[in-house]
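Build the full structure now, drawing on both the sequences and the hints.
Chains A and B, in that order, are what the protein sequence lines are. Mapped onto the numbering used here, the consecutive letters of the first sequence carry residue numbers 1 to 243. Mapped onto the numbering used here, the consecutive letters of the second sequence carry residue numbers 1 to 243.
Since the hints were derived computationally from the structure, they do not count as laboratory data. Just so you know, these numbers come straight off a predicted model, no measurement behind them. It is possible that part of the hints are untrue.
[Claimed, not checked] Okay, the calculated beta carbon distance ranges per label pair:
{"id": "1", "chain 1": "A", "residue 1": "L129", "chain 2": "B", "residue 2": "Q225", "range": "42 to 48 Å"}
{"id": "2", "chain 1": "A", "residue 1": "G168", "chain 2": "B", "residue 2": "A237", "range": "28 to 34 Å"}
{"id": "3", "chain 1": "B", "residue 1": "D125", "chain 2": "A", "residue 2": "D170", "range": "39 to 45 Å"}
{"id": "4", "chain 1": "A", "residue 1": "D170", "chain 2": "B", "residue 2": "P171", "range": "49 to 55 Å"}
Here a beta-carbon is modelled for each residue, glycine too, at the ideal position from N, C-alpha and C.
There are 2 protein chains.
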Amino acid sequence: MTNPTAAMLVIGDEILSGRTRDSNMHHLAGRLTEAGINLTEVRMVSDDRTAIVDGVRALARKHDHLFTSGGIGPTHDDITADCVAEAMNASIDVRSDARAILQAHYDRQGIEMNAARLRMARIPDGATLINNPISAAPGFTIGNVHVMAGIPAIFEAMVASILPMIAGGDPVLSESVRIDRAEGDIAARLSELADEFANLSFGSYPFRQNGRYGANVVIRGIEPQQIIQATARLRAAFGDDAS
Amino acid sequence: MTNPTAAMLVIGDEILSGRTRDSNMHHLAGRLTEAGINLTEVRMVSDDRTAIVDGVRALARKHDHLFTSGGIGPTHDDITADCVAEAMNASIDVRSDARAILQAHYDRQGIEMNAARLRMARIPDGATLINNPISAAPGFTIGNVHVMAGIPAIFEAMVASILPMIAGGDPVLSESVRIDRAEGDIAARLSELADEFANLSFGSYPFRQNGRYGANVVIRGIEPQQIIQATARLRAAFGDDAS
Chain A
1 MTNPTAAMLV IGDEILSGRT RDSNMHHLAG RLTEAGINLT EVRMVSDDRT
51 AIVDGVRALA RKHDHLFTSG GIGPTHDDIT ADCVAEAMNA SIDVRSDARA
101 ILQAHYDRQG IEMNAARLRM ARIPDGATLI NNPISAAPGF TIGNVHVMAG
151 IPAIFEAMVA SILPMIAGGD PVLSESVRID RAEGDIAARL SELADEFANL
201 SFGSYPFRQN GRYGANVVIR GIEPQQIIQA TARLRAAFGD DAS
Chain B
1 MTNPTAAMLV IGDEILSGRT RDSNMHHLAG RLTEAGINLT EVRMVSDDRT
51 AIVDGVRALA RKHDHLFTSG GIGPTHDDIT ADCVAEAMNA SIDVRSDARA
101 ILQAHYDRQG IEMNAARLRM ARIPDGATLI NNPISAAPGF TIGNVHVMAG
151 IPAIFEAMVA SILPMIAGGD PVLSESVRID RAEGDIAARL SELADEFANL
201 SFGSYPFRQN GRYGANVVIR GIEPQQIIQA TARLRAAFGD DAS
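Structure representation (structure tokens):
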């Protein structure tokens, strides 16, 4: 596959302490797969300057796109925008376009603009704003790095607004076959099929149900005809145990 | 804090494609926090040899412990054990102790031992086995790397069996205060408190409920008296809006 590749950097102590369960990664993974973009690496780091800067640098260099979530709010632990600017060698300050968006939003709601809220208008030079339809404070894209909020509803809205602007690849198609046999019984045949259909990926995801083992085999690829053929061969190999 | 640090490497295409939502990271994060071990970095990579080897090397070097999940089953895409051996410069082959455990398990269940199942007895030289009370196929510890299965029930059982053997630190205590004001209104005061109580960490986790904003502030640290004091100051600062 020559589809574009993407990485994600999830930022926040609350995820790593086990207090909050991240849902943004799973959401982004699904949207990227639909768009034909291969998410190949995810990193989760704490609200730590060095960890964020190093993570952004490493992932932006290796992948066509990097998506970040978290750390762009008004409190002292929200340091993502400044870290991304540093990683991308950009200067950063309160930007008038972002400030105007926030001011209009607060005016409508009768909320006071203060120093903390003004921090959310800190945007690196050269970045493009990402619309936040929920609480106004924008995300931004700089180079191949897309910086988004951590609150899931806002993160998801931001993803929806930028994905159409990113060139995707051929959509990755998949077919799933449930096989009611233990993985150890299907592994040899599966390996042969994976060798034979080298353009497809065969994933085996074991499960246990009512004390018995089975596996969901997922065949993924870009060519629908190949997937249909491989799926038929897999079903034939396991007869009544495949569904 | 001088507590030990840990990283996690989650291995599997199914997580990155959005097909499966990982739950092992959240589980491990909670158990490590209870044990006084700071989970500071998580990476998720696909079933790719280079990605796994590089991830193990980088994370094992930087942290006191590395926990991996996924990729130790019998199918062709289960390459974790061989990759960990390569990353740790250990040789790997079917080991008699692991083979005996599997053979006894299959004999009890009347299941045939075949080449695919035998792959699960491939254990690096010098590794210690981790008990798998559910499906027998063991995990292992080599150096500071703990290699565990991806199926959540098995992963969780393996974590329970090795954590007592790992030296933890002082348990990290936390106190949570809900403040029914927007983050932008509490940020300045919170930042002052964070400066004043430099041994504690103050996390602010915004939420939206019934169209209004609030934040859960979590104060974490090792000294209970400091946490009690900081919590009282925070509550006093926001009066009726704190609960």
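Each hint tested on the structure:
1. A:L129 to B:Q225: 42 to 48 Å: Check passed, 45 Å falls within 42 to 48 Å.
2. A:G168 to B:A237: 28 to 34 Å: violated, 48 Å
3. B:D125 to A:D170: 39 to 45 Å: holds, 44 Å
4. A:D170 to B:P171: 49 to 55 Å: holds, 50 Å
Of the numbered hints stated above, the single one contradicted by the structure is hint 2.
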